[in-house]
Each structure stands twice: as C-alpha cells, then as structure tokens.
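**Q** If you want the building blocks of each chain, they are given just below.
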Amino acid sequence: MLSEIYVLYMREIKKWAGRRPVLIISLITPLFWILLFGKSFNIINVLSVEGLGVPADIAIVVVGALRSRIAQLFGTLDYFTYVASGMIVVFTLFHSVFSGASVIFDRRLGYMSRLMASPIRRESIFIAKVLATVFRVTILILFLLALSYIAGFKFKQDLSILDLVGALIVVISISVTLTSIFMLLGFLTDSHEFLFAIGNLVNMPLMFSSSALFPIDQMPDWLKAIAKLNPLTYAADLTRYFLVGRHLDEPYIILIILIAGAILTFTICMKVSVKALERT
Amino acid sequence: MSIVIEADRLTKYYGSIQAVKNVSFKVFKGEIYALLGPNGAGKTTTIKMLSTLLKPTSGDAYIRGYSIIRDSLNVRKVIGVVPQDLTADDELTGFYNVYIQARLYGYPHGIALERAMRALEIVGLADSANRRVSSYSGGMRRRLEIAMSLVHDPEVLLLDEPTLGLDVQTRRLMWNLIRDFKKQGISMILTTHYMEEAEALADRVAIIDYGEIKAEGSPDELKRKVKGDRVYIELYSEDDAQNLQLEISKLGVDVKLDSSIVIVTAPSASDILPHIVGILAGKKIKSINIVKPNLEEVFLDITGKRLREDSFDAFKYRVFTHKIR
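Line by line, the protein sequences give chains A and B. Per our numbering: the first sequence ends with 280, consecutive numbering throughout. Per our numbering: the second sequence ends with 325, consecutive numbering throughout.
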C-alpha cells in the first residue's frame, strides 16, 4: 500500500512541478499580501503623538503606554511581523480549500476510473492527494518565511530550530485538517463550480474571524466567540508563539489538540471519501 | 477449454431504467468474445460491471473464478481494462503514465521501468514515450491506453470500443495488436458497434440490444441464420416501392419494405436477379445493391434495425470536450 501511495503522490507532485507558471504565481501571490498589507498598516506610526503639541515628558509616558498596549495585543510592535506570521496560516487555508478540484478533474478526465480498475486500496487515492497538497503547502510556507525574513520579519530573539519545527507542525496539522475536509468535498460533488464557490465562501470569513490579521482581544464579543471556535485562531496564535514569541497560555496543549484534530478529521474524511468512491 | 469469464444473469438498473437484463455468457481461454450492438445497448455497462467499476443490481460474474462482487480486488489483478474514455494523464509523459500503472500493480521501481518500456514498444509508442500525452494524436492516445492496460500482463483484457473513431489505418493496427494478444493466450471481451470489427476479430459474437443478448455464436453460425442473399432496391417514392414489393412478391420470394427501399431475400441473388431485372424494366430506380450474408444483416434480422455508424466522430468529439473542460 505504501508504494501505491508513494507513486500516486509523485504523480501529483510531478504535475505540480510541471506547471511552472502556476508554481511561480502561487509563490509570489502571498508576498504581495504580506508586503502591501503588512507594511502599509504601521501601528507604531498610527499611534504616534508626534506633532500634536504634547509636552515631551508626557509624550514619553503616553507613547510608552501605547507601545506596551500594542505589544500586549499583538505580541510585537511591528504589524508586518504580526500579519506575516498570521498569513502563514491564511495561505495554508487558501491552498487547502481548492484541493478537491483535482479529484473532480481526475474523475472527469477518466483517470479516476483507471485507478478504480487497478488493484489498489481506495484509501491510497485519498491519502496520496492529501499528502501532495500538504507537501505543496509546506514548500510554499517555507518560501514565504524566507521572503518574509528578507522583508524584515522580526523573529523572536532566542529562536531555535525547535521553534521552526513547532511552527511547521502547526502548518502541517492545520493543512491536513483543511485539505481533508475540502478533498472530501471533491469526492462528494462532481461540480468544480460548486467547489470553487464553497472555497470562496469560506476563505474570507475564516480568515477575518481568526487572529490571523488582528488580535481577537479587541473584537466585539460576538466575533470573539466565533474566533475562539475557529481553528485558524489557534493555529495563528501558535505560529506566533513559536516564531515571534507572543505570549500564549498552554501552547503545547493547543498543539496536541491541533494534531489530534488533524488525525481525527483525516481519518473521518478518508472513510467517507472511500464510501463515496464505492457508491457508484 | 477452460472457462475464464462467466457472466451469470448480470443485471443493472440505473434508477428505474434497466440497462442490462439477465446477461449470461461464457468466455474460454484465448478467445475473443465480441459484444455487438448499437450505442446505448448496455455494452459499456456490462464492461464496467466486469471491471468492478459498477456493482450489478443482481446477478454476478466470475473472472478466473473470482466473483466481481465479493472478490473484486483479485478480479482487478488479473484483468486489463481499455475503457471507452481516455484515461491517461495529459500533463504527464506517455512513459510516466504507463510506469504509474506498473507501480500500481505492485511492481518495484526497476521492474516497472522495464515493463513500461516494453508495453510502449508493443503498441509502437517507444519513440514518443517521453513526450507529454497532450501532444499525442487520437490514435496514439488509444494505443497508450492499451499499453497502460497491458503493463501487468493481464490474463483477461476488456476492450470497450477500442477503435471508436479511429482512421482505417490505425484501426488495422489495433486489430493486429488484438490478434497478437490472442496468440499470447489472453482472453478478451470486446465491445463494438462496427460489425466488420466483430467479424474480423471475434471467435464468438453476442448481439446485444436493449440490454439483452439476442443471439450468440461464431460469425459464421450467425450468418447462417440469415437465409440467403439480399437485394436492396431503392426507389424515388414510397408508393413506387409498395407497388414494386407487390410485383416481386409474386416471384415467391420474401420481400420487405423499409420506406422507399425494397428488400428481397432469396437463397441465391444470381438466380433471382434476372427475374427482378425483368420487373424493373422501364421503372426509375435510385440504386440496387446485392448483399451477401454479413453480421449487419444478422443484426437487422434479429433486432429489426440497422447498426448505423454515428454521423459525427464520437471520439474526436470527446477529445474536443476534454480540451475545453
């Protein structure tokens, strides 16, 4: 079974690597998001008292108070760093939601029937596709991190290799969770229009109702309640904890829950997908 | 002769529509068995059930003794399927497509490489092995499908309309390939709506229409069912045809009418023709045609309709729709 998963996985990767223009575009797109969005909203300058005629001694106190509030909320004084670390999770989402399209196209272009007539476990088809998407997402996120670093991402002072591994585990877990769900959707429907519509529908709400772009502390209560249910919040908080050093209560418990959630979602979605494949 | 495939009252409903009705047949080792019938007769549904892609509503079939319902994994190991639709991945090379298949049948990397190359050589695609499938012609794609189905040396090959829409030359090439497989002892089921294909290749033919096998036998056996030759006389109007039918029937032969065509069936065309020509003297006719017994005539006899070829090229149409999707 491992060798069939591997060869199906390699097929997906080869197809991905073969689409060079798409590959390059998908690597560049997140960069614009981070650079243009993250760099334009500079909280330090927004909350400055300069030019307001505030006496110097008071200004020091006020600016000090503002800065400690920002540091408390965002965990950093640099909004670019805040957004870039959140965007890691957002782009994991963006790439996962359309993963089911490959199932629909394999079915339409006949490849799926070829697979179904081969003596392989149906699970392999699902596993290979999810693994391939997770691999692509991981490569993309590593590339994004490297570019963010060049653009002035402020890692925490005592960053260790373990922190990077931790952040990567977060990305992989959340990617497995989201990809499994949207891959399953691909097995359940035969309309790619439906899939793209669902993808676009959930992208924005999931992104804005999480701590990816803004801290949830200053959100209205109803939104805060939603954000606390959103797995992206925990994923974003964790990446920030590992990379930027923002305070987080019980990070390892959250990490374990994220991993467990990923395994559970993956297993359930796999089982349902296989059922959907055998329904015909 | 050992039985390799045995279908036992295979039945498939799509909702309330019965696509295949109680289809039973046996295929022996090294035999080519053709399912001949028009589009929508249930040929593809039968192939899909045999290749374990569809579960029968009732009935069962056994391939090398394995049930297609309970033992589908073992069935898949011994069969190769050449589906009607193209299945190769456009974005990959022909070679990689075949290589993946070999790996899926459990061969390790090195052996899979060798097998893929050999399969491509057999179908004559070795020179184009490293080109992307998107650059292949329709005939090349068909041959690639065969290579993909062949890479694990199946004992049974299921071919669903293998030459649909191919030009004459490529069709001959396909036929020769299929004959070679037979020499190697591969048992085959082949669906087709080209009667000349069934006649050229099949050891036995099942005539299938509306999901039922209407007749079965070797092409010669089936042709013997049509008693005698046929003379087709086409006239300019249905009234003329009716009059002519009346006149010819006085000769004591069987005469049928198909709109403005008069169909005369007689033990020997050369004996009856002088009499018919006598009757035709002075009449205006569009065409006259003498046909020796063939499967087309058998089909007409049994089902009451012709096996007409599609007016448009179904295969090219499908390639076209693939491209725009």
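For the record, the hints were derived by calculation from the structure and aren't laboratory data. Note that this is a predicted model, so its numbers are computed, not measured. Watch out, some of these pointers could steer you wrong.
[Stated by the list, open to error] So the derived label-pair ranges between C-beta atoms look like this: (1) GLU114(B) / LYS271(A): 45 to 51 Å; (2) GLU114(B) / ILE253(A): 50 to 56 Å; (3) ASN39(B) / LYS271(A): 33 to 39 Å; (4) ASP180(B) / MET204(A): 55 to 61 Å.
[To be verified] Distance condition first, Cα-Cα at most 20 Å in a straight line; then the derived DMTMM-like pairs of lysine to aspartate or glutamate: (5) LYS77(B) / GLU123(A); (6) LYS14(A) / GLU91(B); (7) LYS305(B) / GLU212(B); (8) LYS275(A) / ASP71(B); (9) LYS26(B) / GLU234(B); (10) LYS183(B) / ASP90(B); (11) LYS227(B) / GLU216(B); (12) LYS14(A) / ASP90(B); (13) LYS292(B) / GLU199(B); (14) LYS15(A) / GLU91(B); (15) LYS286(B) / GLU234(B); (16) LYS55(B) / GLU278(A); (17) LYS77(B) / GLU278(A); (18) LYS55(B) / GLU123(A).
[Unchecked claim] Partial list, computed: chain A residues near chain B (C-beta under 10 Å): (19) VAL7; (20) MET10; (21) VAL46; (22) GLU50; (23) ARG67.
Note that beta-carbon positions come from the ideal geometry of N, C-alpha and C, so glycine has one too.
**Q** Any hints this thing doesn't respect? Which numbers, in order?
**A** Per hint list: 1, 9, 10, 21, 22, 23 violated.
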